[in-house]
Amino acid sequence: MYEQISKNRWKTALMIVVALVFFGALGFLFSYLIVRNGFVGLLIALAIYVPYSIYSYRYGDRIVLRVSRARPVTREEEPRLHNIVEGIAIAGGVPKPAVYVVPEQAPNAFATGPDPQHSSIAVTQGLLDTMDRVELEGVIGHEMSHIRDRDILLGTVVATLVGSVVLISEFMLRWFFWGGMFGGRDRDREGGGEGQVILVVLGVVLAILAPLFAQLIRLAMSRRREYQADAEGVLLTRYPPALISALKKIGADTTPMRVANNATAHLWLNQPSRVPGQGTHWWEKLFSTHPPIADRVRVLEEM
Amino acid sequence: MAVVWVILGLVALAILSAVFTYNRLVRLRVRTENAWSQIDVQLRRRYDLIPNLIETVKGYAAHEREVFDEVTQARSAAQGATGVQAQAQAENQLTRSLGRLIAVAENYPQLKASQNFLALQEELTGTEDKIAFSRQFYNDTVQSLNTLIQRFPASLIANLGHFTPREFFQTEEPTRGAVGVQF
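The listed protein sequences derive, respectively, from chains P and F. Quick note: the first sequence uses my numbering, first residue 2, plus one each step. Quick note: the second sequence uses my numbering, first residue 69, plus one each step.
For the record, the hints were derived by calculation from the structure and aren't laboratory data. The C-beta atom is built at its ideal place from N, Cα and C for all residues, glycine as well. It cannot be assumed that every hint is accurate.
Which bits of chain F does chain P cover? Going by a derived footprint, with three or more residues having C-beta under 8 Å, they are [as the list claims (entries may be wrong)]:
id	segment
1	195 to 203
2	216 to 229
If we take Cβ atoms under 7 Å as the criterion, some of the chain P residues that face chain F in the derived model are [what the hints assert, rightly or not]:
id	residue
3	80
4	81
5	84
6	88
7	91
8	96
9	99
Some chain F residues well away from chain P (every beta-carbon gap over 12 Å; in silico) [what the hints assert, rightly or not]:
id	residue
10	77
11	103
12	107
13	123
14	127
15	138
16	157
17	168
18	206
Make the full structure from the sequences, and use the hints.
Spelled out as structure tokens, the structure:
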């Protein structure tokens, strides 16, 4: 566990540096293309990036909770959830995390925050509706293990720094794709010239980088940590069948999730999908950060 | 000369590891005390819930006096218990009598449906889970403390610092086995 904590700290620092280099280079390139002087852009990029990275290190959880539309719930609204979170926190010897509910029907959950003293656990409405008490305990045990191992620090920084690159790239790609197919050419003929070229270059660069960054997220958030959180979660609740049956229910559910996106996918208990029905979209598969549910169930059953 | 340095180095190493071990012992002792007070908080919460629970059940099933008396007696016995062993026994007794109270309450459909009772039942279940979890955390901590105290080089430091093994918080009930398996 302590080994895992220090590994997560190092990886977090590495991610901050990688994103720093990326944003710096992007700023340099952009401003070189416009004013033929890269350093202006580099400075601007750093002026934005440095405060943003500090913010995302300490308060990245707020960003993650907001983009997931998570809502804080009181003890009166959700006594069962509060009791379970408090109980598992006691079992793990950590302070009780803040409790949030995400208004989605797909059963899922995530944890976020810089350290166990400032952590939050969010579960979907669907999870509350479909799980009984012990299953919910199993799920919370898994999330509590992420909190104890500081997986949440790395996960949150990855989501807010690397994830923002992914989201910008996706946006540019989509824009570039549709803009290029319809109407883009007309404007070209009227002599949009320089500005168009810059955007095309930027679009191409981001289109190449998006999958690379997806790969980066996958490397940073290795699948092993999901197995590990499953095992450690069961060590907290001392009752593997609960997590097994919870995972089976989650795996059988095919409700799409509206707030799913590739920047935060790795934080969830199971890979969320925006596409209804079995399986995930190929674009989401590219960002696949979770081992298949069946494998996780098998590992737990062997314990 | 070289021999002196080697000896000095070894002495420094021994002192360092002694300090390290001592600090670890202190840390574990503090954690054990925290864990115990955590159990205490949850036990108290359960004592506080009981009068309310009895009042609510009485409202629908006033004549079940026997079980009310049993719970009340178990509660005051638990509150008066001292020492880990006696406390654990008294709490087990209280858990059993509360189980009977809930079983009695199940016979009254109106009571079972009342919001107040449902809320109290959730609080009771939640608190009993927290008692179980805090006991688990306490026992884990006690185990690492006791192991360290008995292991060889550390045992010397433990003796010097008057660290004594702690008692486990024992329970007869199957820890978390039979809870709500649904097919």
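Structure-based check of each hint:
1. 195 to 203: holds (count 6)
2. 216 to 229: violated (count 0)
3. 80: Hint on residue 80 of chain P: holds, closest Cβ of chain F at ~5 Å, below 7 Å.
4. 81: 6 Å, holds
5. 84: 3 Å, holds
6. 88: Holds - the Cβ of residue 88 of chain P comes within 7 Å of chain F, reaching about 5 Å at its closest.
7. 91: Check passed: Cβ of residue 91 of chain P comes within 5 Å of chain F, closer than 7 Å.
8. 96: 12 Å, violated
9. 99: 18 Å, violated
10. 77: 27 Å, holds
11. 103: Its Cβ does come within 12 Å of chain P, the nearest being 8 Å, so this is violated.
12. 107: 9 Å, violated
13. 123: 19 Å, holds
14. 127: Holds, since 21 Å exceeds 12 Å.
15. 138: 26 Å, holds
16. 157: Its Cβ never comes within 12 Å of chain P, the nearest being 22 Å, so this holds.
17. 168: Residue 168 of chain F clear of chain P: closest Cβ-Cβ about 21 Å, beyond 12 Å.
18. 206: Check fails; 10 Å does not lie beyond 12 Å.
Checked against the numbered hints above, the structure violates hints 2, 8, 9, 11, 12 and 18; every other hint is satisfied.
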